[in-house]
Amino acid sequence: MLFYTTHDSGVLKMVLQGELDEHTAVELRKQADAAIDEFASSNRAVLDLGGVSFMDSTGIGFLIGRYKKCKRYGIPLYISKINSQADKILSMSGVYTLIPKIN
Amino acid sequence: MENYMKLEIAALGENESFARSAVAAFALSLNPSFSDLSDIKTAVSEAVTNCIVHAYQTNGEENKILIVCRTQKRENGGELHIEIIDYGKGIDDVDEALTPFFTTLPDDERSGMGFTIMQTFMDGFSLHSKRGEGTRVSMTKSIGV
Ligand SMILES: Nc1ncnc2c1ncn2[C@@H]1O[C@H](COP(=O)(O)OP(=O)(O)O)[C@@H](O)[C@H]1O
Ligand SMILES: [Mg+2]
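Order-wise, the sequence lines are chains A and B. Sequential numbering from 1 applies to the first sequence in this note's numbering. Sequential numbering from 1 applies to the second sequence in this note's numbering.
Hints were generated in silico from the structure; no laboratory data involved. Please read these numbers as outputs of a predicted model, since none were measured by experiment. Do not rely on the hints blindly, as some may be mistaken.
What the hints assert, rightly or not - Only some residues are given here: those of chain A computed to face chain B with a beta carbon under 7 angstroms:
1) Asp21
2) Asp48
3) Ser53
4) Asp56
5) Ser57
6) Gly65
7) Gln85
8) Ser93
Said to hold, decoys possible - DSBU-like mimics (lysine-lysine), calculated; alpha carbons at most 35 angstroms apart, straight line:
9) B:Lys73 <-> A:Lys88
10) B:Lys89 <-> A:Lys68
11) A:Lys88 <-> A:Lys69
12) A:Lys30 <-> A:Lys68
13) B:Lys89 <-> A:Lys88
14) A:Lys68 <-> A:Lys81
15) B:Lys130 <-> A:Lys101
16) A:Lys69 <-> B:Lys89
17) B:Lys89 <-> A:Lys30
18) B:Lys6 <-> A:Lys68
19) B:Lys73 <-> A:Lys71
20) A:Lys13 <-> A:Lys101
What the hints assert, rightly or not - Here are the computed distance ranges between Cβ atoms for each label pair:
21) A:Ser41 <-> B:Ser33: 30 to 36 angstroms
22) B:Asp123 <-> A:Ser91: 18 to 24 angstroms
23) B:Arg74 <-> A:Thr6: 29 to 35 angstroms
24) A:Thr6 <-> B:Pro106: 43 to 49 angstroms
25) B:Thr140 <-> A:Thr97: 51 to 57 angstroms
26) A:Gly10 <-> B:Leu105: 45 to 51 angstroms
27) A:Glu38 <-> B:Glu61: 25 to 31 angstroms
28) B:Ser29 <-> A:Ser80: 44 to 50 angstroms
Note that beta-carbon positions come from the ideal geometry of N, C-alpha and C, so glycine has one too.
With the sequences and hints as input, model every part of the structure.
Here is the structure:
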């Protein structure tokens, strides 16, 4: 799993690439939380999941966990890109009602 | 024509990706679509992760997961049967476990959607569990129908 961030005009962008499962989520949680803490004054945070080639239900827990963390800082969280396999899981679990998709 | 494979792995997180890829590779002889393969990988990942996260209290290579797959080939595709078995603590209340969003580990960011995903993504699903003896998940995917 690869994780990197960009920060530009108040927007924290977090880019995830690779397979997101229970095993790879451990490191990813730490990295994402550290980025949110570092850029806690952001106006919004965006997750780019376009490079996530596989996701299971671990992704649901991971995303809701980051949503809650952003909420504590008052930062709205969005998902920008996603592949069809991961989209199926997030759609059926209602994640998009908390973390809307944007273009 | 029928074919089968049996795979025993240690219940370790690093085997999650190996297990789902191995089953997907075995299924290739049925000419699955990309979306069939994604469904199979996701369902296997859910069942194997459950063995690792819930079935065993300790984390070691003595904890085993058995994966048995059978294919029945037809003219266009066929059927893939998958059994994922552990010898762990078992499930006390199966109905409760199958309920969407039910999890016994909410603090670990578990979503409780594993069994719901297995049932939605596969064409057949059944669950057998005995307290103190283990759990067996059986799933079927019909390909090319
Ligand atoms: N192999 C297993 N051994 C013991 N308990 C299990 C097993 N698989 C699932 N469970 C129980 O069923 C519940 C629901 O499983 P699941 O739908 O995958 O959600 P999650 O894994 O997110 O908790 C788990 O929280 C756990 O209590
Ligand atoms: Mg699960």
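Task: Violated hints - listed by number, lowest first - done: Hint check: 2, 3, 15, 18, 19, 21, 23, 24, 25, 26, 27 and 28 fail, others pass.
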